[in-house]
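Novice: Below are the chains, spelled out letter by letter.
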Amino acid sequence: MLLLGLGRNAVAKADTNEQVLQGTLDLLILKTLSLAPMHGWGLTNRIEQLSNDALSVGQGSIYPALVRLEQRGWIGTEWRTTENSRRAKYYRLTAAGRRAFGQELASWNRFVSAVGLILAAES
Amino acid sequence: MRHHVWAVLSRVRELFRRRSRYDVEQDEEFSFHIDMETAENVRRGLSEAEARRAALLRFGGTQRFREETRDARGVVALDNVARDARFAVRRLRRGPAFAVGVIATLGIGIGAAVGVGTIVYDVLLRDLPFANPDRLVRVGFSTEGIGITGDLHSAATFLYFAQSARSFTELGAYSTSDGFAITDGDVPERVTVALMTPSVLTLLGARPMLGQLFEPGDTSWYGPRHSVIISENLWRRRYGADPSIIGREIHFDHGERTVVGVLPRSFGFPMPSVDIFYPAAVPVDAPQITSRYFSVIGRLRDGVSPSAAESELNALIPGLSKHFPEVTPDMLRASRARVTVQLLRDATVASVHAQMVLLGALVAIVLLIAATNVLNLFLLRTERAAREIAIGFSLGASRVALAQRFIVEGIVVGLAAAAVALPGAALAVTTKFGFTEREIPRLHEVSFSVETVALVLGCAVLVGVAVALVAFTRALKFGLIDRHREWTAASSRAWRRAQDGLVAFQIAIALLLLVAAALLGRSFWNLSSANIGFEPRDAVIFQVPLPWGPEGYVSYDKVATFHANLTDRLQRFSGVTSVGIALRLPLASRGAPNLDLQLQPAISAGRPAVPAAANVASAQYFSTMGIPLRAGRSFRSGDLRGAPAVIVSEDLATKLFGTTDVVGRRVKRLRDGAPAMAFTIVGVAGDVHWDRIERGYVPMMYFPLLRDGDGLPPDSNPIQYLPMVLQYAVRGTRLPSATAIQAIVTQLDHRVPAANVRTLRSVVDDATAHVRLTMLLVSIAGAAALLLALIGVYSVVAYAASGRIREFAIRLALGAAPARVCGMILGEGLELVAIGTVAGLCAAVGTTRFLRALLYEVKPTSVAEFGISTAVLVVLALVATLLPARRAARTHPAAVLHGE
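Protein sequence lines, in the order shown, are assigned to chains R and L.
Take 0 as the starting number for the first sequence in numbering that gives the first Met the number 0 and just add one per residue.
Take 0 as the starting number for the second sequence in numbering that gives the first Met the number 0 and just add one per residue.
Derived by calculation from the structure, the hints in this document are not laboratory data.
Do not rely on the hints blindly, as some may be mistaken.
[As the list claims (entries may be wrong)] The following residues of chain R were derived to be distant from chain L, with all beta-carbon distances above 12 Å:
no.	residue
1	Gly41
2	Leu49
3	Leu68
4	Arg71
[To be verified] Sample of chain R residues lacking proximity to chain L, with all beta carbon distances greater than 10 Å (derived):
no.	residue
5	Thr23
6	Leu34
7	His38
8	Gly39
9	Thr43
10	Ala53
11	Val56
12	Gly57
13	Pro63
14	Val66
15	Gln70
16	Arg86
17	Arg91
[Unchecked claim] Per label pair, the in silico range of CB-to-CB distance:
no.	chain 1	residue 1	chain 2	residue 2	range
18	L	Val80	R	Asn51	34 to 40 Å
19	R	Arg98	L	Arg495	50 to 56 Å
20	R	Gln102	L	Arg42	57 to 63 Å
21	L	Arg43	R	Arg85	17 to 23 Å
Built from N, CA and C at the ideal position, the CB exists for glycine as well.
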């Protein structure tokens, strides 16, 4: 079917999409941004609260992940000025990203329940 | 592993990357992050310096993340492409009919186009491999008024122009001959020799591999040096690439020469088969004006065009009379002497110019047909996937992603087609379809190189992407239209009509080629079963050139004695039944028949002389060759006395006397400025051909080759004919090998080679080779065109049918018979086939006349061949139309209508 893999609504298939979801970091980013847009530093703070070792290699590891998600079209970016009059790049979920997050979460949950772990999070 | 590769690639990329906007932004983002973390640490109570250090630590390697973000930008894009490629491959595997059709069609088209195109380009358009080749020209001198064909100069005209003309920096003259033999060493060898003035080598910019070139004073017969230059091929082949060849003496059958230089293989002028270069003997003191055998080339001065040079030389022609008083101005005018100046490259390939252009055009048409077929197939498949594409669009798929999908598919198809095209192109370029430099000049310069490979890949991918993009523009329309409307109506009329026209065109071309192939096939069949007048099996032939010059065979008696001795020795070889000798063998001559005998019956009352070809034959020649003697007998001892005996061919007998019962009659040979010689006919031989069966029989008179000394002065030439090269035919149950033959000959005279040993059968094959080759080529082209046309018919009919699928579903649901639906589609397809067939027939009738030169006993408009080809084409096209028709008739109305 031509439909498969068309555009950005790829239904995750385990054999082709290992690169799409690199560990839990991407999922955590999507989850965090699903609540509100944020800049990179704010994201690292929130993620560190949710998971201990998602950023174990260093906070900076969030930036490659952000770039990948942006390339996929699941998040969008915008430069804004913060309260301290500093320029920061804000990230938000796109509509496609929102849909993808839902599907990714569903498949992740299936995976997780299959392994017998529970991811405690609001959906 | 893959990540390792990406890592290496990104390192390379980094070397070339300048700081992009992304890098600047990334750095700004990083510093924002670290500043925020630092501020947070300060709030927790650390000092400024410690806070920053802790922040940096927590951040991790800045440089590393910088690289990783850069990679992420690149890698993901590439990842998408890889994913699209895998997807394209999977789709192709699941639709093998489409895949095979497209890849085969494109592969054939591109393989043929690049293979043949390379040959055409290298022969016709590429510059000659000399310095400043656009300044090199050939100077021709024609005199149509006195019936001499060709454009060769005499020594006189060459010298005259060389001294008087201003348009050239240099002029040179050359001629070739293969009547020389090298006689040193154990095995004598016949060689092709080019005689050239030293200026030829300098104006071409030749560089010797070893030694040096000729000096201006070198000539071959006068002067002390007696130098020759040899080719690299000869140097390696006969002298083992011995570096001490320079200064060595080589023995020829007419004397010795010193080797002064070796020319490399790449020189190849005037032909790659030339082994020895002599300085040309241009007799400066007494140049002959009548014997013309020099080709003249020159280098134009800067700023002078070939036409300007031509004008200058033509203006110099009247001056010939002043230089050579024996040529009066009236004679010059009557001879219509004219000079032509032509680019050397064009002159070299003039004989095949038309054919090469035709070939190029044909191959371009084949490529066009192949590309349009592939386009049709792509459109058909896109049409079939219309529903999915429309759904995809409505779910938010981006146009860019779809375009990328199509383009990647086009590239994949292109690469697969290139894999098919490469062996085809390689085969074409390396075998050159079995042609040699004799038929097509400059063929030795054609080679298969990296550029050919690159060209195949480039073309294949380019065509694949172009086709994919056109299909994409069609696919775009699906998204814009509400899917409840008929996307079937989205195909525009004009597009359909263009497709139909193209397919009709393909059918016409296929029919044309099929008719040509049929005609040629019939011709070849006729040729193969024609009566050649001799028995080609179980015999071997070779040439024996005797040396001339002061130590050579200067009289008829010496020649005849040598050949008689050689015949005896050969007959003693076990297994040999008979040995015959002649000047010309049937079908083995070259070029137009040389009818230089003017014959009349001895008692004739003013009847015109009959032109005939001269031949020389030994007594056993006719029995060895299996040429029947229709009357009389062959030669025997004593035949040289009185009016010497001759044997005439049937055709000649009839032309002279009106009957073949001519044994005992006399015939006289007329000669300009000498009394006629009378001969007695002792036998009538069966007719044979000169060089080709198509020319028909040639009237021929055979003179005897006899050792016959009784009563004749030892030096006399009773028949005024002293051929130096004779052909031998040896028939037997077991035939000696080439080395055995050479050994026998060498025993008699170590200077004499036995050249060109081959079977008699090969003469017949060579004589039909050109027809066979053309027939093969046209048949292959015809088969390819037919295949492409059938694919075209299928795809167009299927395309049309798929567009009307809803209509068919409704009809079937309302109770129409499937056969009716089938019939509707069939009808439309047949209309197309009919138009194409009629067009093809008209084209065939108009163009097959150009094949006349190759057709033997077949009319260019022969009904049988036309009929068979048309029948084959129509039947196959019917089948191609039937397949999609039946498929449409089997539509499940429910499935189609419910799918709405």
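Novice: Please go over all the hints and tell whether each is borne out by the structure.
Specialist: Hint check results:
1. Gly41: The assertion about Gly41 of chain R is violated, with a minimum of 8 Å to chain L.
2. Leu49: The assertion about Leu49 of chain R holds, with a minimum of 17 Å to chain L.
3. Leu68: Per Cβ check, Leu68 of chain R is inside 12 Å of chain L; nearest 9 Å; violated.
4. Arg71: violated, 7 Å
5. Thr23: Per Cβ check, Thr23 of chain R is outside 10 Å of chain L; nearest 17 Å; holds.
6. Leu34: holds, 20 Å
7. His38: Non-interface label fails for His38 of chain R: nearest chain L Cβ at 7 Å, not farther than 10 Å.
8. Gly39: It is violated; Gly39 of chain R is separated from chain L by about 6 Å at its closest Cβ, not greater than 10 Å.
9. Thr43: Contrary to the label, Thr43 of chain R does not stay out of reach of chain L, its closest Cβ about 8 Å off (not over 10 Å).
10. Ala53: holds, 13 Å
11. Val56: Non-interface label on Val56 of chain R violated, nearest chain L Cβ at 6 Å vs cutoff 10 Å.
12. Gly57: The claim is violated: Gly57 of chain R sits with its nearest Cβ about 2 Å from chain L, within 10 Å.
13. Pro63: violated, 4 Å
14. Val66: About 4 Å separates Val66 of chain R from the closest Cβ of chain L, which leaves it inside 10 Å; violated.
15. Gln70: At roughly 4 Å from the nearest Cβ of chain L, Gln70 of chain R sits no farther out than 10 Å, so the non-interface label is violated.
16. Arg86: Non-interface label fails for Arg86 of chain R: nearest chain L Cβ at 7 Å, not farther than 10 Å.
17. Arg91: Fine: 15 Å to the nearest Cβ keeps Arg91 of chain R off the interface.
18. L:Val80 - R:Asn51: 34 to 40 Å: holds, 36 Å
19. R:Arg98 - L:Arg495: 50 to 56 Å: Between Arg98 of chain R and Arg495 of chain L, where Cβ atoms are some 39 Å apart, the hint is violated.
20. R:Gln102 - L:Arg42: 57 to 63 Å: violated, 40 Å
21. L:Arg43 - R:Arg85: 17 to 23 Å: holds, 20 Å
Hint check: violations occur at hints 1, 3, 4, 7, 8, 9, 11, 12, 13, 14, 15, 16, 19, 20; the rest are consistent with the structure.
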